Amino acid sequence: MSGAPLVDELACAWIEVPDLAAAAAGLRDVLGLEPRADGTLAAEPGLDGWAGRPWALLGPPGFTYGMVCLVEGEARPVTPELPRGWDSVELIVEDVDAAAGRLAGWPGVRPVIEPFTTDLSDLGSNVHRSGVWRMPWGTHLILTTGITEPQGRRFPSARQGTGPVFEVHLRTDDHDTTQRLYGENLGMPALMAADFTNGPLHRAWGIPDGTPVRMSLLKSGREGTGKGAIELQGHPAATLDPPGLPGGTGMVSYTCADLDAAHAAVLAGGHRATAPAVPATGPLAGRRSFVAYGAEGERVHLVAHRQEGDSR
Numbered sequence: 639m640s641g642a643p644l645v646d647e648l649a650c651a652w653i654e655v656p657d658l659a660a661a662a663a664g665l666r667d668v669l670g671l672e673p674r675a676d677g678t679l680a681a682e683p684g685l686d687g688w689a690g691r692p693w694a695l696l697g698p699p700g701f702t703y704g705m706v707c708l709v710e711g712e713a714r715p716v717t718p719e720l721p722r723g724w725d726s727v728e729l730i731v732e733d734v735d736a737a738a739g740r741l742a743g744w745p746g747v748r749p750v751i752e753p754f755t756t757d758l759s760d761l762g763s764n765v766h767r768s769g770v771w772r773m774p775w776g777t778h779l780i781l782t783t784g785i786t787e788p789q790g791r792r793f794p795s796a797r798q799g800t801g802p803v804f805e806v807h808l809r810t811d812d813h814d815t816t817q818r819l820y821g822e823n824l825g826m827p828a829l830m831a832a833d834f835t836n837g838p839l840h841r842a843w844g845i846p847d848g849t850p851v852r853m854s855l856l857k858s859g860r861e862g863t864g865k866g867a868i869e870l871q872g873h874p875a876a877t878l879d880p881p882g883l884p885g886g887t888g889m890v891s892y893t894c895a896d897l898d899a900a901h902a903a904v905l906a907g908g909h910r911a912t913a914p915a916v917p918a919t920g921p922l923a924g925r926r927s928f929v930a931y932g933a934e935g936e937r938v939h940l941v942a943h944r945q946e947g948d949s950r
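When we follow the working numbering, the leftmost residue of the sequence shown carries the number 639, and every step to the right adds one.
In short, the hints are calculated from the structure, not lab data.
These numbers were taken from a predicted model, which means no experiment stands behind them.
Glycine included, C-beta positions come from ideal geometry on N, C-alpha and C.
One or more of the hints may lead you astray.
To be verified - Computed spacing ranges between beta-carbons, pair by pair:
1. 716 / 739: 22 to 30 Å
2. 717 / 747: 15 to 23 Å
3. 935 / 902: 15 to 23 Å
4. 908 / 749: 15 to 23 Å
5. 659 / 715: 18 to 26 Å
6. 657 / 916: 26 to 34 Å
7. 790 / 700: 23 to 31 Å
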């Protein structure tokens, strides 16, 4: 990796849901996310198959990043394997056990693992408490409360109930190519990286001991923990969903201080990307952006900090 990171903060994670109104109400009433904007998507570059679909943006109290954009669409089919590509959206909460109690009343939400405590201090992280739920739209929600601080940085925290999306999970059977896109071409530094055959990650996801998993926690360019990370997991192909399943977490958006440099870096790495354009619809309308495609066909949306013509 050379030069400064090209991504600055996680603006939002896009999730397809079959019932937009019910999903938005749950995020508002159960988790306390605030409605920020809504509308209908047009045919925009990179938003494959989403033209004409309603969307709703919800954000954490006190934060302008780490939001969730719901798009009316399909549920992700639930299979015995782990979801391939983008999946889990992880939010910071003040009290994960209290949030677990509220989630119990949300119809269609299934606990995958009740809140548990993990100590990753030996990997440069911290002690934190997390729970995992399968949502009605077929992908996973993770809620986390920090207990200690990592060495040399501050762990994210919520200002009121629920904080921002601070991490999204990306699973692939081609870890090397995916690592090159995010870790090298976009310059996202690793907060930690390790190879596992057992331990907390295996217990949390029901992965049999002995199964090799590569994990890289790649963060945005902000100081400390950054403002949004990608937990890249490399798995054997047989343990992941078949490629191309519809629905669920469909895209993530990161802001960039230098969009053209990011676009050039993605193409130089041999990855596919749309041409930069200014979308007329969606939660980031008016801001020049492009969509890059990773090894799993996953979409990462890179967005300029400012609207075109705004010199502030």
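Going down the list of hints, with the structure as the test:
1. 716 / 739: 22 to 30 Å: Hint holds: Cβ distance 24 Å, inside 22 to 30 Å.
2. 717 / 747: 15 to 23 Å: Given range 15 to 23 Å: holds, Cβ gap about 18 Å.
3. 935 / 902: 15 to 23 Å: holds (22 Å)
4. 908 / 749: 15 to 23 Å: Given range 15 to 23 Å: violated, Cβ gap about 41 Å.
5. 659 / 715: 18 to 26 Å: For residue 715 against residue 659, whose Cβ atoms are near 22 Å apart, the range 18 to 26 Å holds.
6. 657 / 916: 26 to 34 Å: Holds - the Cβ-Cβ distance for residue 657 and residue 916, about 31 Å, lies within 26 to 34 Å.
7. 790 / 700: 23 to 31 Å: holds (25 Å)
When the structure is compared with the earlier hints, a violation turns up for hint 4 alone.
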